[in-house]
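Chemist: Following the hints, put chains L, D and H with the ligands in place on chain R, whose structure we already have.
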Amino acid sequence: MAITRSRTAEEELLQKIPREEHLQMYRMMVLIRRFEEMAGKMYMQAAIGGFCHLYIGQEAVAVGIQSALRPDDYVMGTYREHGQILAAGSDPKAVMAELFGKVTGVSRGKGGSMHLFDREKNFMGGTAIVGGNLPIAAGVGFAIKYRGGEQVCVCYFGDGAVNEGAFHESLNIAALWKLPVLFVCENNLYGMGTQVTRASAVPDLERRVVGYGIESAQVDGMDLLAIRKIAETAIQECRSGRGPFFIEAKTYRYRGHSMADPATYRTKEEVEEWRVRDPITRYEKQLLGAGILTDDDIQNVSREVDEIVEESVRFSEESPLPAPHELYTDVYAAEI
Amino acid sequence: MAITRSRTAEEELLQKIPREEHLQMYRMMVLIRRFEEMAGKMYMQAAIGGFCHLYIGQEAVAVGIQSALRPDDYVMGTYREHGQILAAGSDPKAVMAELFGKVTGVSRGKGGSMHLFDREKNFMGGTAIVGGNLPIAAGVGFAIKYRGGEQVCVCYFGDGAVNEGAFHESLNIAALWKLPVLFVCENNLYGMGTQVTRASAVPDLERRVVGYGIESAQVDGMDLLAIRKIAETAIQECRSGRGPFFIEAKTYRYRGHSMADPATYRTKEEVEEWRVRDPITRYEKQLLGAGILTDDDIQNVSREVDEIVEESVRFSEESPLPAPHELYTDVYAAEI
Amino acid sequence: MPVITYREALNQALREEMRQDPDVFIVGEEVAEYQGAYKVTEGMLAEFGPQRVVDTPISEEAIAGIGVGAALAGLKPVIEMMTVNFSLLALDQIVNHAAKYLYMSGGQYNVPMVMRAPTGVGLQLGAQHSQNFESWFVHCPGLKVVLPATPYDAKGLLKSSIRDPDPVIFLEHELIYLTKGEVPDEDYVVPLGVADIKRKGTDVSIICYSRMALFAMKAAERLEEEGISAEVVDLRTLRPLDVDAVLESVRKTHRAVVCEEDWPMCGMGAELSATIMEGAFDYLDAPVKRISGVDVPMPYAKNLEKLAVPGEEDIYQACRQIVAGEI
Amino acid sequence: MPVITYREALNQALREEMRQDPDVFIVGEEVAEYQGAYKVTEGMLAEFGPQRVVDTPISEEAIAGIGVGAALAGLKPVIEMMTVNFSLLALDQIVNHAAKYLYMSGGQYNVPMVMRAPTGVGLQLGAQHSQNFESWFVHCPGLKVVLPATPYDAKGLLKSSIRDPDPVIFLEHELIYLTKGEVPDEDYVVPLGVADIKRKGTDVSIICYSRMALFAMKAAERLEEEGISAEVVDLRTLRPLDVDAVLESVRKTHRAVVCEEDWPMCGMGAELSATIMEGAFDYLDAPVKRISGVDVPMPYAKNLEKLAVPGEEDIYQACRQIVAGEI
Ligand SMILES: Cc1ncc(C[n+]2csc(CCOP(=O)(O)OP(=O)(O)O)c2C)c(N)n1
Ligand SMILES: Cc1ncc(C[n+]2csc(CCOP(=O)(O)OP(=O)(O)O)c2C)c(N)n1
Ligand SMILES: [Mg+2]
Ligand SMILES: [Mg+2]
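Chains as they are written, first to last, in our numbering: chain R, 1 to 336; chain L, 1 to 336; chain D, 1 to 327; chain H, 1 to 327.
Source of the hints: derived by calculation from the structure; they are not laboratory data. A few of these clues could be false.
To be verified - Some residues of chain R that are not near chain L, with every Cβ distance over 12 Å (derived):
| no. | residue |
| --- | --- |
| 1 | Ala217 |
| 2 | Thr294 |
| 3 | Asn300 |
| 4 | Ile308 |
To be verified - So the derived label-pair ranges between C-beta atoms look like this:
| no. | chain 1 | residue 1 | chain 2 | residue 2 | range |
| --- | --- | --- | --- | --- | --- |
| 5 | L | Val210 | R | Arg275 | 47 to 57 Å |
| 6 | L | Glu37 | D | Met1 | 39 to 49 Å |
| 7 | R | Glu304 | L | Gln195 | 56 to 66 Å |
| 8 | L | Lys178 | R | Lys268 | 31 to 41 Å |
| 9 | H | Glu47 | L | Glu232 | 49 to 59 Å |
No residue lacks a Cβ here, since even glycine has one placed at the ideal position from N, Cα and C.
This is chain R alone, in the form it adopts within the complex:
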């Protein structure tokens, strides 16, 4: 399918979705943006360690996809998953606390930024191995089908992950067995410093799945409504047992690959071009234009979100570190 652009389709959606839901999605995008800005700040202050990959610029993808899911669906994230787990509904306090390495974190401080898990939300991580979550997503899809369930497993990964063998094996099996897996490729144009054109023989990533006979679509990753729309279609496909679906969301990360990366491999102009298409500003304009939200609503969201983020930092700072004995727990589930 081609990128969704038609005006009418957009208005249709704007009207179809209840105001409360618009407000939720908008709030979530703003929350992720501010949360990530704060995470970056905390990282600079060394309150957060390790590698820290921010989601800024890609907010529409996770929010659009997650908004179309059911609570009992499963999510496999990447190491750039702060935004993914927040969009999945996890408590910002527990997410921030994990980045701080505190026992109140979603992974009790033992996972870190790249290993966020939240069983209550069916958020299964959180892997720091590029492409490592794709075979696992196929396994979750297998389990859903095995049980005759109607859930879907969403699997996020980047443009770089497409070149891993794991991608190939997983998509072939998911297609062969018609597993309910929604593969979401967040194509932000770069894998670390490598432009997609230098990594993929066919830079049009949707073409990369032709060999699996899998349903697919390209979508503007900066357009929340377009993502929401295709997500609904794709998830419907998966639920109906017709097999997996592949979405390529063309997006962009405003920051470097991680907090350690100055991103000297791309031009200011390029970054600016993308900022102009900012997914939050765009959605905000649409909502105001359609009279769904008012300036007051926007300001309220802004205030609420700032409080939530501030609170998440306060909570994290005040939370205790894991007790020393935690070093030895959770290695095995069985007593040894």
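Modeler: Leaving out everything else, chains L, D and H with the ligands in the frame of chain R:
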């Protein structure tokens, strides 16, 4: 490209190729057939151990491809490579001796049926890991290009290998870097007991490479001339620096996967259907029909080949086992 | 008690567990229609159908991922690697994911999965098909590693492994599938992490597992004829390791011969040797003797392969020497 | 002599070898335009161009295969795995192919390739990015394994590794890239397989490598203040292992503390412990003491990570105890 079938093209080729070369190709196909039948016999007599995968039925593929190569080109085989290394010009005596595990074997008896090597013929193995030779072939292609050479690296693999991650990574890189690698997929319809339709989401294997933007062709793997023709085109593509080429040769193995496999997963009828299309009989008919070879020639070839095979067995039986100290040699090239 | 083969014992274990727990299934290359490359899953497709006995494409990394993902979602997968040699293509899933999920998630996600694989030398299968990697798996916290030597242990340990809430690497030596032994028809389990004194002795402890345990028993018989009383400690599980059983035996015999078919460097023999020194140094009358495979890739030639693989004679000689004070 | 960082020393080694041998090239993820994930290849793209400093897609298995194939065709590839953690995706190429080609081909095809990779714990990188796998590589005949501790050794050993006709696994600890030391500008090599007595001593031998060697030197200084004379044996190469140097030292000091950051089971410490018992049993006044990383996946939390990683204090305490006869 579609499967080559046109009569005229066939006659054209028949005439274009000098008689001597026809005779060589025909002799090689017969040699492989008889060699493999003998290998099977020797295996039943326990003169050959380990796993033994026969090439019977697929002779046209290796002979057609190798006949279009230059001596300085490289070849990466599989574990079903007796036919491949013979077609590459290795001495049948040394190949049989390797199956016997004798020191006079191509790999000094240390490799075995699945690990045949012949540096003089640029035959680089011989790997028992499905798909394991694909990344290596990309590396050889890289070296050729690095040196600005005009050689090509041919890499043989089966329909089952297409589903390994190694296939994906290797084809993407070969295409991205325009490496002179000719990927030859010997689609004999089965990977062990698994029909290609149960292993590949898209059973039309040529479709599997669309995502790499790689030149490709399907060819009747039972038709030597068709293979020879597409091989010439493909190799020309590779030499000219336009990048890799993928050939899917639709063929069939008459025997089980290995000598240990009774092949109960397929019907006698299916096997018969394929035997009717036997590549040797077919080529023989063409050569006789076009008056290129006479019945005498055919009989001479038959006699010559039988002698060669008998001789290879005699040679192998009479050859000594590797000396005990060989256990410790060839672990490292440097003195330790 | 019925006498059946090691292979049949594994088949029984799989069937019994699949009958009593609908969440158990088996997936891998050629496990269904082909009845298993080594026929361990013979007849299971017919009994349980293609939903629970699942053939896969040749995609080891994905097979392991199917196991991890299905386990995370609450099933109890048994994945079969056609041989352990091919598991090298799946190690990221096993080591970076299966072994770490519980820890990284702060206890939220355990991975109740079993990876079964034939291991060890075969009959002239060559360098790429004759390997042992148990030491690699033992090296990794989060994994459990099981290598039964007898049909009885094979059935009981496989059942325990399937019921275990953690990832278990279950390795079956290719050359003992047809060995026979008494195996109860009914349901029983052998607990993980408990060694078995297969033979009591006083002069030397032979610490072993998998096929080496069978050689050890034969060697012990021969030694007895010479008046040497060897104790055979079959570890059965390498992780968790039954350190107490090992040390107790060595403290009694004062001599230890540790056996592995695998290559020596950083192998299980080294771990046992170090563990024994750390726990029984003052009891040792001689240094612990390691018996391992020769430190070279496996050659194809029959005569060379024979030289590369350790066996009964090596254990027998080592025990004689160590008891005679020649080590 | 100029004082430069470990990272600069590696960069020098690469440049010198590439200048004098056109067959040498480096390939890996982000080695060219990004100047290397850990900046080891800084400036090399500018000097040698994209034909010899080659960025790849994220395809570890293919990267290793590029190395093997290019080496078979006569080049001298240096492949960079961004970190050793990702080499788990490339092990089939390394272990089933690179390590066995020479043997399986009966001596026809050697594989002169170097796999470089950062290894070890970082700063809160978590369970999947803080691992050591040297014991896995050491386990495999056909491979050579090098882990330099100082800038001088790093340069000399990398040059030897590149010139070596066999596959070499060259592991660089992530936390010592910025350590400094004297490094000659000119061409020199440090031979593979030769340990270095970094400090002479008489009371206890500290057998170590990589970052642990730096901790050992610090510990030895502190011990000296207490009148304990520790000998620091930096192995530098783990395979081939300089057994003579290890045994000679232990026969002199009668006590050994073996150090690794890696997990204990089937690790290098176990191999050293076993080797020392086998070669110097009668010289030992105490069992060999192993110091290893804690046997758990690496936690993220700073305080837990600190507890999981062995360091100077552990070596210091172990030496004091072993000399005091408390071990
Ligand atoms: C198997 C593996 N190889 C390499 C890395 C190092 N690495 C981390 S992120 C990354 C780039 C991934 O790019 P992409 O898939 O596009 O995701 P993005 O970071 O753009 O979200 C690389 C190479 C890794 N973590 N795992
Ligand atoms: C990595 C790996 N997985 C599995 C096997 C076991 N195996 C050997 S051959 C084979 C089937 C390969 O089928 P195909 O690629 O079609 O080649 P063919 O045997 O038909 O020539 C399998 C599964 C192996 N040798 N290596
Ligand atoms: Mg990207
Ligand atoms: Mg096939």
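Chemist: Check the following: the C-beta atoms of H:Glu47 and L:Glu232 are separated by a distance inside 49 to 59 Å.
Modeler: Taking Cβ atoms as reference, H:Glu47 and L:Glu232 lie about 41 Å apart, which means the hint is violated.
Chemist: For R:Ala217, is the shortest beta carbon distance to chain L beyond 12 Å?
Modeler: holds (16 Å)
Chemist: Looking only at beta-carbon atoms, does the pair L:Lys178, R:Lys268 fall within the given range of 31 to 41 Å?
Modeler: Holds, at about 32 Å.
Chemist: Taking the closest pair, is the beta carbon of R:Ile308 still more than 12 Å from chain L?
Modeler: holds (41 Å)
Chemist: Just want to verify: R:Asn300 was marked as not at the interface with chain L; is every Cβ pair farther apart than 12 Å?
Modeler: holds (47 Å)
Chemist: Falls inside 47 to 57 Å, the C-beta gap from L:Val210 to R:Arg275?
Modeler: violated (35 Å)
Chemist: Are all beta-carbon distances from R:Thr294 to chain L longer than 12 Å?
Modeler: holds (47 Å)
Chemist: Could one say that the CB atoms of R:Glu304 and L:Gln195 fall in the range 56 to 66 Å?
Modeler: holds (58 Å)
Chemist: Check the following: the C-beta atoms of L:Glu37 and D:Met1 are separated by a distance inside 39 to 49 Å.
Modeler: Distance hint for L:Glu37, D:Met1 holds at roughly 47 Å.
Hints 5, 9, counting from the list given before, are not met by this structure.
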